[in-house]
Amino acid sequence: MNPEISIRADAINALVEYERSTTSMKTILREMQTASADNPDFSFQTQSISLSVIRFRNTIDYLITRSLGKKKLQDLSSQDRNILRLAVYEGYWLKADLDTMMSHYSKIKSLYRDVFERAISVDLGSVTKGMPILNQLSLKHSHPTFLVKTLLDRITREETIQLLKSNNQKRTYYLRSNKLYDGYDSVFDSLNEAQLVKDPDVPEVSRIVEGVDSVVTSQLFKDGRILIQDKASVVTINALDPQPGQKIWDACAAPGMKTQLISERLKDQGEVVASDVYENRVRIGSALSKQLNVTNVEWIHADATKPEVLDAHKILIDAPCTSTGILQAYPSFKWRLNKDTLFALMTIQNKILDAILTDYADRPGTEIVFSTCSILPHEGESQIDSAMKRHNIELLPPPEYGDPGYAGFNCTKLVRRLFPHRHSCSGFFIARLGIKH
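Note that our numbering has the sequence shown beginning at 120, numbered continuously upward.
Check the hints yourself; a few may be wrong.
[Said to hold, decoys possible] List of simulated lysine-lysine pairs, DSSO-like, C-alpha gap at most 27 Å:
#	residue 1	residue 2
1	K228	K268
2	K259	K191
3	K145	K289
[To be verified] Label pairs and their in silico Cβ distance ranges:
#	residue 1	residue 2	range
4	G553	Q198	26 to 34 Å
5	D332	H556	47 to 55 Å
6	A406	D332	18 to 26 Å
7	A480	Q152	42 to 50 Å
8	K289	K268	46 to 54 Å
9	P523	K289	26 to 34 Å
10	K289	N457	24 to 32 Å
11	P251	K366	51 to 59 Å
12	L253	K386	26 to 34 Å
13	L515	D481	47 to 55 Å
14	L253	G484	44 to 52 Å
15	F163	Q362	19 to 27 Å
Everything labelled a hint here was simulated from the structure, so no lab data went into it. Quick caveat: nothing in here was measured; it's all calculated off a predicted structure. For every residue, glycine included, the Cβ atom is placed at its ideal position computed from N, Cα and C.
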C-alpha cells in the first residue's frame, strides 16, 4: 500500500476506535504502535494527524454538519465520519492540495467530494460572527463551552483566547538528567542531534528546541539516565523542597516521575513512601523506580483517603484531576470533560485533603503540597479555600516561579498557577500548606 494512504488508514482506524471507547487517543495510539511493525516514521505521522483531528474535533464536526445538507453526521457510518474528519482537517487546517487529497481519499472522491469542498470553504469568522462570544470561541478555538465559560469568568477575553490557542499547539518538551546515576553532569554531551536550551527560570531542566525524536530513541533515555519531565512538575517538587533525612509521602504517586525527583533531592539520606489507590499503577511505578535507580522508595497499594503513612515530614498530594492543564499533549481530555466528571474528581480531591489534614492535625509543622495539572479553579483555589475553613492549617510561602491564583479567592496571593501560554509548560496549580501549632 502507498505509505501516505497507509498512514491515513491507520489514523482512521484510531479515530474509529476512539469514538467507541472511553480511553484517550494517546493510549489508543500507544497500543497501536506497540502492536504495529510499521516504519516508526509512518507511526509518528499517524499519531500527529490523529491527535490533530481530536484537537479540533468540535470545529471539524461543525464544518461537516454545515456541509451535509439534510443528512446528519451521526447518520454516517463511523468509518465514513472519521474519513471526512481527517480529510477536512487536512484540507482546512493544513491547506492540502485538492488533487492530492482526492488521491489519498478514494471514498471522498466517489461519495463526499461536494461535502468536503463545502466544508473546507467555510469562513468560520463570518459564520460565527452573530453567535454569543462563548460559542464563537468554542468553535474558533475548538474547546468545550464549559471550559471556555470557566476561563471567561476568571480571566479576560484576550487572555482566554491566548490560552485556548496555546492549548491547540504542540507541547514544549523539557529534559533533565537523572542524578541518581553517576556522570549526570555531562550526560547531555552525547545528544548531538538535539538542540537544548537551559530554562532561565527553572534551571533543573533544559528545553528541547529540536530533536525530541532523537532524545526518546537514545540509549540514555531508554536507560533512564535522561528524563523528559515538564517544568511545572519540577516546580511542584521545588515547592515541596524535600531535604536529606526527611520522610516524604508521595500520596498519589504513580507513575512515579515526581517520586524519582523527590528521591534525588534526599541525596540517599531519607525515605520516600509512594502510594497509589490502583494496584496496577503501583506495579508500574515500582518498575519505573527500579529503572530510574531509585533505591530509597517503598511503593505501597493504599488509598490516600484512608492514610496509612502517619509520620511523614512532608506530603505531596498530586491529586487526580481533569488534566485540563495538559491538553497540548492529551487533546481528547477536553472532550471527555463534563460536570459530572469534574464534580466526581473534586469529591476525591476533597476527601484526600480532608483525610490527610485530619490525620496529621496533631503533627504541627508537617508540610503538604497540593497540586493538580488543571486550569480549573474548582480543582485549585476552591479546594484550598474550602480546606482552610475546616482545618487548622496555614498557607506557606509559595514557589517564586509562577503567577498568583485566580482572583476572587482567599488563597489567591499565596498559591501559584502555571499556564501554557505564559510559562511554556503544562497548566498547574500548586499550594503549600502547613499544619499549625
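Consistency of the hints with the structure:
1. A threshold of 27 Å between alpha carbons decides the hint, and for K228 with K268 the separation of about 39 Å lies outside it, so the pair is violated.
2. For the suggested pair K259 and K191, the alpha carbons sit about 21 Å apart, so the restraint of at most 27 Å is met.
3. For a cut-off of 27 Å, the pair hint linking K145 to K289 stands: about 14 Å separates their Cα positions.
4. For G553 paired with Q198, a C-beta distance near 56 Å fails the hint of 26 to 34 Å.
5. Hint check: D332 to H556, Cβ distance near 52 Å, so the stated range 47 to 55 Å holds.
6. The hinted range of 18 to 26 Å is satisfied by A406 and D332, whose Cβ atoms lie roughly 24 Å apart.
7. Under the hint 42 to 50 Å, the C-beta atoms of A480 and Q152, about 48 Å apart, fit the expected range.
8. One distance hint, 46 to 54 Å for the beta-carbon pair K289 and K268, is violated here, with the actual separation near 26 Å.
9. The given range of 26 to 34 Å is respected by P523 and K289, whose C-beta atoms sit roughly 28 Å from each other.
10. Separated by about 26 Å at the C-beta atoms, K289 and N457 satisfy the suggested range of 24 to 32 Å.
11. For the hinted restraint 51 to 59 Å between P251 and K366, the CB-CB distance of approximately 53 Å keeps it satisfied.
12. Checked against the given bound of 26 to 34 Å, the beta carbons of L253 and K386, roughly 51 Å apart, lie outside it.
13. Roughly 19 Å separates the CB atoms of L515 and D481, a value that falls outside the hinted 47 to 55 Å.
14. The hint said 44 to 52 Å for the Cβ distance between L253 and G484, and at roughly 46 Å that hint holds.
15. Checked against the given bound of 19 to 27 Å, the beta carbons of F163 and Q362, roughly 42 Å apart, lie outside it.
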